[in-house]
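Each chain, letter by letter, is given below.
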Amino acid sequence: MAISLTPAAANHVKSFLEQRGSGVALRLGVRTSGCSGMAYVLEFADVIEDTDVVFENLGVKVVIDPKSLVYLDGTELDYGKEGLNEGFKFNNPNVKDACGCGESFNV
Amino acid sequence: MALLQISEPGKSTDPHQHRFAAGIDLGTTNSLVASVRSGSADTLPDEQGRHLLPSVVRYTADGAPEVGQAAKLQAAHDPLNTIISVKRFMGRGVDDILTLGSMLPYEFIASESGMPLINTASGPRSPVQVSADILLELKRRTESTLGGDLSGVVITVPAYFDEAQRQATKDAGTLAGLKVLRLINEPTAAAVAYGLDRKADGVIAVYDLGGGTFDISILRLNQGVFEVLATAGDTALGGDDLDREIARWIMQQAGIGNAVDHALQRRLLDAACAAKEQLSEADEVELGVALDDGSQWHGSLSRQQMNELLEPLVRKTLAPCRRCLRDAGLRAGDITEVVMVGGSTRVPRVRSAVAEFFGREPLAEIDPDKVVAIGAAVQADMLVGNKPDEEMLLLDVIPLSLGIETMGGLTEKIVPRNTTIPVARAQEFTTFKDGQTAIALHVVQGERELVDDCRSLARFELRDIPPMTAGAARIRVTFQVDADGLLSVTALEQTSGAQAHIEVKPSYGLSDHEIESMLRASMESAGEDLQARRLREQQVEADRVLEALQSALQQDGDRLLDSQERAAIDAAAQALREVRDATDHQAIRRAVERVEAASAPYVERRMNASIQRAMAGHGVDEFK
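Residue numbers (the working numbering), protein chains in the order written: chain A, 1 to 107; chain B, 1001 to 1624.
Treat the hints with care, as some may be off.
Stated by the list, open to error - Taking lysine to any residue and the SDA-like style, the derived pairs with C-alpha atoms no more than 20 Å apart in a straight line are:
| # | chain 1 | residue 1 | chain 2 | residue 2 |
| --- | --- | --- | --- | --- |
| 1 | A | 61 | B | 1007 |
| 2 | B | 1011 | A | 7 |
| 3 | A | 81 | B | 1434 |
| 4 | A | 61 | A | 95 |
| 5 | A | 81 | B | 1043 |
| 6 | B | 1011 | A | 68 |
| 7 | B | 1387 | A | 81 |
Because the hints were derived from the structure by calculation, they are not lab data.
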């Protein structure tokens, strides 16, 4: 079971955490909603729950609850640009199909 | 796949339900837009990487308007259709604009509402429409950057903007298809960018030296509420003046006379501006300017030399600072934080002069060009719900008291100045004459006692009041100021439910100088105002007594009075009429008392007559 970050993603997470001035990790997860089943959760984490699984990647701590990990195992978090827009991307090998924009997905 | 941002804990949104928010600094010369992404606020650049959008719009006979740099480049060729500095016309009437100076190249025409329109190649355009075109360009940039539609924006306005100017700004936002969550004061936004709103209290000076204008504001923060204590400034002092001072020095050094053509002048100013910017970092710079005879002038300028050149201008900004402190009733030592805004505050000598004046190092870590937009973005992000709920919402206050005109041209203040908004205040009024069926309401803004000395904001009428004796109607007037400082007034006659309502729309506005002088005048003329108020009150009382007496005499004067009594009352009334228009309020009061004394037996007889009328035909038992 593993989650990884690209160097670009790791650098951005580090700088966002630094600018926020608080927070101990980056939380990834999934929840059921949206137009095609599941949706990604991407949040700052101020506390690490006892049940959380913790990964350390390029100096960035990533926490994830065990239920979400089933759907995200093997995911690589990337950071990219599309025109003026920029942000994080989930490269998730478990996804079978996704809605047009990829914001929600099925496994 | 879609690009995602990091949310606050528990604030992840559903797919396609992102709450995108932005803060907009709608400036006189340049505008900026900022947004909070992954928890950090920054301004958004366009495709060419430019953050600043020149606040310039050019209208052509065919096609969409050009906005920003493209329009600015055409300003010299097409001055009539290229609108610059439109912010100065927001919320102003045609008459106000004409007093702004005869330098304006535009053809103004008045619309029915009194709002000025500018004749352009694509037809008449109001300042609100021109501002909307600037906002539309920023909206387009923001939505393609964030990858979705905006849920709401916060737009900043100068602290001295009045109701009409604020309403015009909000209307421009709506016209551009934006949901304007709130307008906030520019100095307040700068303080928010530094997180000062999270402190319990403090007194903050915001020193804003832009390209062409200088503003100083003193804010008091009290339990999350920012109150503008005072503002001052100079509308014709900014970075451009610093450049001109350095350009003049180059001309002296290069031995150039005063007669330079436009192109050389431009080259000199560009060289001056570049030198000024480099000297913020370096101690000395090399300068080169191509002269008209084909030769090249070379020289060097040290930071020390530049400081000496700029000293008079830097000093010039300190006079308004002193005035602002005095108006706020504070000393420099009372200021707990100083915030720097505007590109010209990068000049080290400006910073050190401000630090010396206030006796503390100013906050300058955030890019002073962007700090206002960033503060607005932080507010917008909070207002759309991307922040944990425990974070406090920012409150603001109204800059000048709001009230209505009462009989005799007096101001009745309903919402006093520095009341925190949003606010709703109500007061009851009544009719002045018997059988009065309508009442004219005149909404005014200002601190003075007489309506003539305050600013008129709106007039409306409440009709269909059922005829009653004077003083019997109960008219509740409610003033409501929303979170943007926009005013709506409702009048309701309580017995009949007759109602009238008005929203203050932009027609006229006040300049910062006017607000400043209005505030000062109210303090200087406090004594005079008190005298004037007493006189007007007595005059109103005299009118009321005469009016009531007249109507009673018509009804039953002949029946209840003998000729001698009638003559005495008439004589007292005549004496009152004579002193009513003089300026001695005590004389009027004495005359009123004499009329009341002369008519006392008559009033008693009328009272008895009406009681008898009421009791006639009833048995004594009924009154037990």
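How the hints compare with the structure:
A hinted pair counts as satisfied when its Cα atoms are at most 20 Å apart, and residue 61 of chain A with residue 1007 of chain B qualifies at roughly 16 Å. For the suggested pair residue 1011 of chain B and residue 7 of chain A, the alpha carbons sit about 26 Å apart, so the restraint of at most 20 Å is broken. For the hint linking residue 81 of chain A to residue 1434 of chain B, the alpha-carbon distance of about 75 Å lies beyond 20 Å, and the restraint is violated. Between residue 61 of chain A and residue 95 of chain A the CA atoms are separated by roughly 24 Å; this puts the pair beyond 20 Å, and the hint is violated.
With a C-alpha separation of about 16 Å, the suggested pair residue 81 of chain A and residue 1043 of chain B falls inside the 20 Å cut-off, and the hint holds. Between residue 1011 of chain B and residue 68 of chain A the alpha-carbon distance is near 17 Å, which keeps this suggested pair within the 20 Å criterion. Simply put, residue 1387 of chain B and residue 81 of chain A have alpha-carbon atoms about 25 Å apart, too far for the 20 Å limit, and the pair is violated.
The structure fails to meet hints 2, 3, 4, 7 from the earlier list, while all remaining hints are met.
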